[in-house]
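Participant: Heads up: the protein sequence lines correspond to chains P and E, in order. FYI, the numbering for the first sequence is 1 to 106, going by full-length UniProt numbering. FYI, the numbering for the second sequence is 1 to 483, going by full-length UniProt numbering.
Please keep in mind that the hints were generated in silico from the structure rather than gathered at the bench. Check before you lean on any hint, since a few could be wrong.
Below are the EDC-like pairs computed for lysine to aspartate or glutamate, each with C-alpha atoms no more than 16 Å apart in a straight line [what the hints assert, rightly or not]: (1) P:LYS14 - E:GLU176; (2) E:LYS223 - P:ASP31; (3) E:LYS351 - E:GLU415; (4) P:LYS19 - E:GLU448; (5) E:LYS437 - E:GLU464; (6) P:LYS19 - E:ASP185; (7) E:LYS316 - E:ASP391; (8) P:LYS14 - E:GLU464; (9) E:LYS223 - P:GLU30; (10) E:LYS292 - E:GLU307; (11) P:LYS14 - E:GLU435; (12) P:LYS19 - E:GLU216; (13) P:LYS19 - E:ASP255; (14) E:LYS394 - E:GLU254; (15) P:LYS14 - E:GLU190; (16) E:LYS196 - E:GLU216; (17) E:LYS392 - E:GLU200; (18) P:LYS14 - E:GLU329; (19) P:LYS14 - E:ASP253; (20) E:LYS248 - E:GLU329.
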Amino acid sequence: MTFNNMSDPRRPNKIFRYKPPSTETNPTLEDPTPDYMNLLGMIFSMCGLMLKLKWCAWIAVYCSFISFANSRSSEDTKQMMSSFMLSISAVVMSYLQNPQPMSPPW
Amino acid sequence: MRSVFLLLPALLVLLAFPGARGRYNDDFDDGEDLAEFDDNDFAEFEDVSEDAVETETDPPPRAAAPSATVEDDEDEATVELEDGQDEFYDGDTQDQDSFKYDNEEFEGYEKTNPTFKETLILREVPAHLQNSWESYYMEILMVTGLLAYIMNYIIGKNKNSRLAQAWFNSHRELLESNFTLVGDDGTSKEATSTGKLNQENEHIYNLWCSGRVCCEGMLIQLKFLKRQDLLNVLARMMRPACDQVQIKVTLNDEDMDTFVFAVGNKKAMGRLQKEMQDLSEFCGDKPKSGAKYGLPDSLAILSEMGEVTDGVMDSKMVHFITNNADKIESIHFSDQFSGPKVMQEEGQPLKLPETKKTLLFTFNVPGMGNTSPKDMDSLLPLMNMVIYSIDKVKKLRLNREGKQKAEKNRARVEENFLKQTHAQRQEAAQTRREEKKRAEKERIMNEEDPERQRRLEEAAQRREQKKLEKKQMKMKQIKVKAM
């Protein structure tokens, strides 16, 4: 017993390398929030651009921010940036076409 | 009165600047009733536009003699509107004689005046042409919200990072004394300790340790709350949650005997029993109380057999668990660990999921979300428990009875699995056989040479005949046996 406690438990010859857990086998463990938010952001920004709805464009900006905040570090930054730029362009285009301020729904 | 009349050209000029309401107020300051012009934003416009109409139409009607009557009509009409207009129009009518316009210049013009006045539509000035930021309050709200989100992102990210670093600093010594490799991201060629956490997310940090007796490796996941996402922060105000530390120790085959065991708080045990493949198959009974071993009432035990519980719950383990009961979410030892139950699609032949000997620990960080870096030190005894468990599991061996029971259990589970998938596997075999036949038939059909075709057909027929005979023999044998 004491021999075990005194000896070093480390074994350099028993090293296993880190293998990132594959997400194919456990799709439930992955957080789907960034993907959903990305998709939502794109849909809202397209709505805002096509239908000239300012509130759609603003929600798209929020969605792309939320998607960015929840994204994994392994994810492509290009995807994030593209959805972000799309939502910003939706807001800008809505205001260029119709500079009136947004009216609240109430 | 003359002074008022002189104001008219000034008003005409001011009409060109509709946003400059302030100036109108100044002009009306001398003697006029301000309240009437403050009633609505566009009172001035109404007055001025009417005045403008009248001043513009004034010159034409003034030229014609009947214009006086028209003006009187207008006077009467305008008198009804507002008192303040009287002085204006009185001034107009008084001055019209001295006005330079030729009365006969615009004969017949007055006819358009009444219609002109009736079709006059007063429009509101669009909000974006008003020089005030107040009308854009919704946009300002939106931008403020975005700024608040960004601020929260930065603050949350930093807090999570500080917590992770604090945890690592307090545990570094213990880990480095137990493992050769502390910190690996799997990308570098050589297996050298990186000595730092892998950041998977703004709220998840990983650490892989390896190079120790009794285990293959240990993956530690610091699963913090999503402090960087404002939505999550607001949701947590409704439903409090806490940061978690998840530790998964993977063992070699010789490091662990065959048993399945779990202990943790009651809710977690109930959930795990439903979710986890191995716990649902091997630990069928409801979670039992650990009071027999001296555990607090908040904890429950799921075990394959009583002997396993007795073996795992020695005094030191009980001591660890009792002292840290509030921080323990679940502890799960299993030689048949394959993760949570996976929902299979219909019609797919199932294979038994791959299992790995694993020890899983889930700890709750104290503070219920309001953790400070100092709280991370309180998790150190739990890491000691983990190390102790690894050594203990290596030494824990079931006696002969226990081993037999365990083997029976595993055989039972496998049989159940095969039964469930029997129908599916039969279907799969059937489809495969049909595929083969079809392929052969196609080959025969595609043969150019009729001679060869005939020969292949005969060969296929002979094979089928043989199979039929075999089947018949089998059926006969079964019948004989049954008798």
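Participant: Each hint needs a verdict: does it hold in this structure or not?
Facilitator: Going down the list of hints, with the structure as the test:
Pair hint P:LYS14 plus E:GLU176 holds up; C-alpha atoms about 15 Å apart against a cutoff of 16 Å. Distance check on the hinted pair: E:LYS223 and P:ASP31 sit about 12 Å apart at the alpha-carbon level, within 16 Å; holds. For the hint pairing E:LYS351 with E:GLU415, the CA-to-CA distance comes to about 12 Å; that is within 16 Å, so the pair holds. At most 16 Å may separate the alpha-carbon atoms for a hinted pair to count; P:LYS19 and E:GLU448 exceed this at roughly 55 Å.
Distance check on the hinted pair: E:LYS437 and E:GLU464 sit about 10 Å apart at the alpha-carbon level, within 16 Å; holds. Among the hinted pairs, P:LYS19 with E:ASP185 is consistent with the structure: their alpha-carbon atoms are about 8 Å apart, no more than 16 Å. About 13 Å separates the Cα atoms of E:LYS316 and E:ASP391, which keeps this hinted pair within 16 Å; it holds. The straight-line distance between the Cα atoms of P:LYS14 and E:GLU464 is roughly 56 Å, outside the 16 Å bound, and the hint therefore fails.
Under the criterion of a C-alpha separation no larger than 16 Å, the hint pairing E:LYS223 with P:GLU30 is consistent with the structure, at around 13 Å. At most 16 Å may separate the alpha-carbon atoms for a hinted pair to count; E:LYS292 and E:GLU307 meet this at roughly 14 Å. Our distance criterion of 16 Å between C-alpha atoms is broken by P:LYS14 and E:GLU435, whose separation comes to about 48 Å. Among the hinted pairs, P:LYS19 with E:GLU216 is consistent with the structure: their alpha-carbon atoms are about 12 Å apart, no more than 16 Å.
Distance hint between P:LYS19 and E:ASP255 is unfulfilled; the C-alpha atoms sit about 20 Å from each other, more than 16 Å. A distance of roughly 8 Å separates the Cα atoms of E:LYS394 and E:GLU254; the hinted pair therefore holds under the 16 Å criterion. The suggested pairing of P:LYS14 with E:GLU190 holds, with an alpha-carbon distance near 14 Å, which does not exceed 16 Å. Proximity of E:LYS196 to E:GLU216 is assessed by CA-CA distance (about 20 Å); at most 16 Å being required, the pair is judged violated.
Among the hinted pairs, E:LYS392 with E:GLU200 is inconsistent with the structure: their alpha-carbon atoms are about 32 Å apart, more than 16 Å. For the hint pairing P:LYS14 with E:GLU329, the CA-to-CA distance comes to about 30 Å; that exceeds 16 Å, so the pair is violated. As the CA atoms of P:LYS14 and E:ASP253 are separated by approximately 14 Å, the hinted pair is consistent with the 16 Å bound. Simply put, E:LYS248 and E:GLU329 have alpha-carbon atoms about 14 Å apart, close enough for the 16 Å limit, and the pair holds.
Hint compliance for this structure: hints 4, 8, 11, 13, 16, 17, 18 are not met, and every other hint is.
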